[in-house]
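Next come the chains, spelled out residue by residue.
There are 2 protein chains.
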Amino acid sequence: MTSPLRAATPEEQFQEVTRGAVDLHVKSEFMEKLKRSYETETPLVIKAGFDPTAPDLHLGHTVLLFRLKRFQDFGHKVSFLIGDFTAMIGDPTGKSATRPPLSREQVVANAETYKAQVFKILDPEKTAVCFNSEWYSKMSAEGLIRLAARYPVARMLERDDFKKRFKEGRSISIHEFLYPLLQGYDSVMMKADVELGGKDQLFNLLVGRELMKEEGLAPQIVLTNPILEGLDAKLVDGEITGAKMSKSLGNYVGIAESADQIFGKLMSITDDLMWRYYDLLSAKSSAEIAALKAGVADGSVHPRAAKAAFAREIAARFHSAEAAEAAAAEFDRVHAQRALPTEIETREIHLPEGKSEMGLLSVMAAGGLSASNSEARRLVTQGAVSLNGSKVSNPAMNLSPGEYLIQAGKRKFLKIHLT
Amino acid sequence: MTSPLRAATPEEQFQEVTRGAVDLHVKSEFMEKLKRSYETETPLVIKAGFDPTAPDLHLGHTVLLFRLKRFQDFGHKVSFLIGDFTAMIGDPTGKSATRPPLSREQVVANAETYKAQVFKILDPEKTAVCFNSEWYSKMSAEGLIRLAARYPVARMLERDDFKKRFKEGRSISIHEFLYPLLQGYDSVMMKADVELGGKDQLFNLLVGRELMKEEGLAPQIVLTNPILEGLDAKLVDGEITGAKMSKSLGNYVGIAESADQIFGKLMSITDDLMWRYYDLLSAKSSAEIAALKAGVADGSVHPRAAKAAFAREIAARFHSAEAAEAAAAEFDRVHAQRALPTEIETREIHLPEGKSEMGLLSVMAAGGLSASNSEARRLVTQGAVSLNGSKVSNPAMNLSPGEYLIQAGKRKFLKIHLT
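Chains as they are written, first to last, in the numbering used here: chain A, 931 to 1349; chain B, 931 to 1349.
Honestly, I wouldn't trust all of these hints.
[Stated by the list, open to error] Listed below are the simulated DSS-like cross-link pairs for lysine-lysine, each with C-alpha atoms no more than 25 Å apart in a straight line:
1) B:Lys999 with B:Lys1342
2) B:Lys1097 with A:Lys1097
3) A:Lys1093 with B:Lys1093
4) A:Lys1093 with B:Lys1097
5) B:Lys1068 with A:Lys1093
6) B:Lys1093 with A:Lys1094
7) B:Lys1093 with A:Lys1097
8) A:Lys999 with A:Lys1223
9) B:Lys1094 with A:Lys1097
10) B:Lys1068 with A:Lys1068
[Unchecked claim] Listed below are several chain A residues computed to face chain B (Cβ distance under 10 Å; list not exhaustive):
11) Met1069
12) Ser1070
13) Ile1075
14) Arg1076
15) Ala1084
16) Arg1085
17) Gly1099
18) Tyr1109
19) Phe1343
20) Leu1344
Don't read these hints as lab results, they were simulated from the structure.
Small disclaimer: the values here were computed from a predicted structure and weren't measured.
Cβ atoms here follow ideal geometry from the backbone N, Cα and C, with glycine treated the same way.
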């Protein structure tokens, strides 16, 4: 069996692992690393940091994981960094409510929760997990001073958020200047070949590149991910536009949700957003995705089928193929039953002269839902008729004046205004 | 015997120890501390830092020591901080040639040299010496992060030199922001009541005040010294004006210099500078100095006598009272001998007809240095005549044509142009 490291050319690997990425520093160096890895059959070390304060992941967090997965598929090794050292310090100023200090127990527990979640996507065999307290708990104040000496204040103030806060006169504590250095130094300790992160992490990732250069190491390649838009994002002026996926906005898919929930939520997105999600989250190759896209474009594939395939893939990832299939089937059943045509005809029907009620079967026939009262009776006894969403079992049912939604069979709907 | 802590009132102590100071933060708190010390007979802890890279002191460095001495005279305790921790790190960027890292041996050797020098002024019984490596060598990176969290970037950038460098686009390394915090934290560890420093240290000293407050300690009083002007400073428009005392400018008095050198150099300063030096360097009380000043003003004291008294005091400080007296006597002797009137008369004297030389005695008589050749002979045999600065012993000496400076007795000088 060929090593997975030889299964795809460096160019093919490049194509897949950079799919949908935002920043790449530096392409030529990355190609060199991929070529050397290919020639020597030596896996690259792909670093990704994890902040152990937020162990409950949604699909937005998995953009990173799916990219790591693509690296693993080519035989490379993922090295997960749990930033427990700084997490345990938290924000010593106490100003940031989002960075409460964690105890060692919390960090370990969060890391375990995290691992349980990421191994639904990643291959544990090709994944190492390390904790930066391993080196920082041994670091002295002197070591940190020497590290701090390697970076200028002015450069740190170029980081977008620091620049903004400084300009606006909002306080930045000096320790905040140390954290990017620690994050960068992690890369030195891990001898990372590539580091992945969100595009908001670009600055910090580049600090790692610089520190590695200064240490005489080959600088890591920096590859950043877009922030995933939420389920409610839409194409506006040719661009996917919408708030990022987040729990507080409710536009998310939690990876701990049921297969039914995952499938159903993903079926609700627009076709445009579907292609974006395909790029960032699917294990399908770029070629497969392109073929699917072409199929939808020439009408040979229904967009709904493409979306269902995606929703099944993601549901299967976090549960099982069977669970995903069951979710799809259940979705179809419920969806078909519940799906009301967007335009339902309304008919006004008058009660027979001197009567205060009218039989359901007569109403159905009068409204055209059945050719006759006897066909209407047959439909009711077959269980194919529902009134205001509830199945009707009694063919002798009478209706008083009012509004009713009657469904006969799968596709026939009628709104009745009985007067 | 009364405790020295009760020998002067808090107000009197305040008057003496703040003499000639630049900044005082905060007067009311300082008075409180002095009062409590007086009432409870508890000495205050006076902190002063010493950078162990520069062990060879001149009088400029001793402004601090003389102020500490005044505190000791009132019974307070001096706590000297040797900043060996940061000295051993130096400037890790290697950019600053003035902060090369020192080895532990160098630091210890410098500290010993320093102690030998400061104990010429201070009372070793009331002086403690501590090394900040004692606490910082045990500090972890985490401890330093927590310390760094307590100070904002913007405030640090208010320090004059940082502000200037930042504005001019010159690099500041992040570790430089940590050093003032370490210096401030020293005060916390030492529980300093008062910290002294040069006026350029004000910012750092105030950081110490803040950190102490945050730790729930009574904040230290900050008292800064002016930078001592060099020997060549003068009164210009009512202010002492001139470069600071420094070795490289040559306008200094090294405290390791001989009593003769110290005395002689101090006798060269202007009267105005003398009063400045009195204020900053003399052990005399403010009242004594005021009396001396009044004496000079009403003509009862010759300014030269006041200057000699000061020069003797300083020479005695670094040597002994006897050495200072000897230096004063030698200075008088040499000065009297060597002091040439600013205007010396020049006389042209012609050789006797047909002669190529002329006898010294005849020249002296011809020039009016003696009433006759025989008086000239007596002066020569008494050893009272010098030619071009060298004593003449041979009365039969002949002079060839040329220029000569002849001195007869203490006060008679004549330039001779013999043709």
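For each hint, the structure was consulted:
With a C-alpha separation of about 47 Å, the suggested pair Lys999 (chain B) and Lys1342 (chain B) falls outside the 25 Å cut-off, and the hint is violated. A threshold of 25 Å between alpha carbons decides the hint, and for Lys1097 (chain B) with Lys1097 (chain A) the separation of about 14 Å falls inside it, so the pair holds. Only pairs whose Cα atoms come within 25 Å are accepted, and Lys1093 (chain A) paired with Lys1093 (chain B) is accepted, the gap being roughly 16 Å. For the proposed pair Lys1093 (chain A) and Lys1097 (chain B), the alpha carbon gap of about 15 Å is at most 25 Å, so the pair holds.
Annotation: proposed proximity of Lys1068 (chain B) to Lys1093 (chain A) is violated, straight-line Cα distance about 34 Å (limit 25 Å). With a CA separation close to 19 Å, the supplied pair Lys1093 (chain B) and Lys1094 (chain A) stays within the 25 Å bound. Our distance criterion of 25 Å between C-alpha atoms is met by Lys1093 (chain B) and Lys1097 (chain A), whose separation comes to about 15 Å. Under the criterion of a C-alpha separation no larger than 25 Å, the hint pairing Lys999 (chain A) with Lys1223 (chain A) is consistent with the structure, at around 22 Å.
Among the hinted pairs, Lys1094 (chain B) with Lys1097 (chain A) is consistent with the structure: their alpha-carbon atoms are about 18 Å apart, no more than 25 Å. In summary, the hint linking Lys1068 (chain B) to Lys1068 (chain A) is supported, as the alpha carbons are separated by about 11 Å, within the 25 Å threshold. At a threshold of 10 Å, the smallest CB-CB gap from Met1069 (chain A) to chain B is about 4 Å, leaving the interface hint in force. Using the Cβ-Cβ criterion of 10 Å, the hint placing Ser1070 (chain A) at the interface with chain B is satisfied: the shortest such distance is roughly 6 Å.
The criterion of a C-beta within 10 Å of any C-beta in chain B is met by Ile1075 (chain A), whose closest approach is roughly 5 Å, and the hint holds. For Arg1076 (chain A), the suggested interface contact is upheld, since its CB lies about 5 Å from the closest CB of chain B, less than 10 Å. Annotation: Ala1084 (chain A) was flagged as interfacial toward chain B, and the flag holds, the nearest CB pair being 7 Å apart, inside 10 Å. Among the interface hints, the one on Arg1085 (chain A) holds; its C-beta lies about 9 Å from the nearest C-beta in chain B, closer than the 10 Å criterion.
Checking Gly1099 (chain A) against chain B by beta carbon gives a least distance of about 7 Å; that is within 10 Å, so the hint holds. Here the hint on Tyr1109 (chain A) is kept, as its CB sits about 8 Å from the closest CB of chain B, short of 10 Å. Hint status for Phe1343 (chain A): violated, given a least beta-carbon distance of 64 Å to chain B, over 10 Å. Given the 10 Å rule on beta carbons, the hint for Leu1344 (chain A) is violated: about 69 Å separates it from the nearest Cβ of chain B.
In the structure shown, a violation is registered for the earlier hints numbered 1, 5, 19 and 20, in ascending order.
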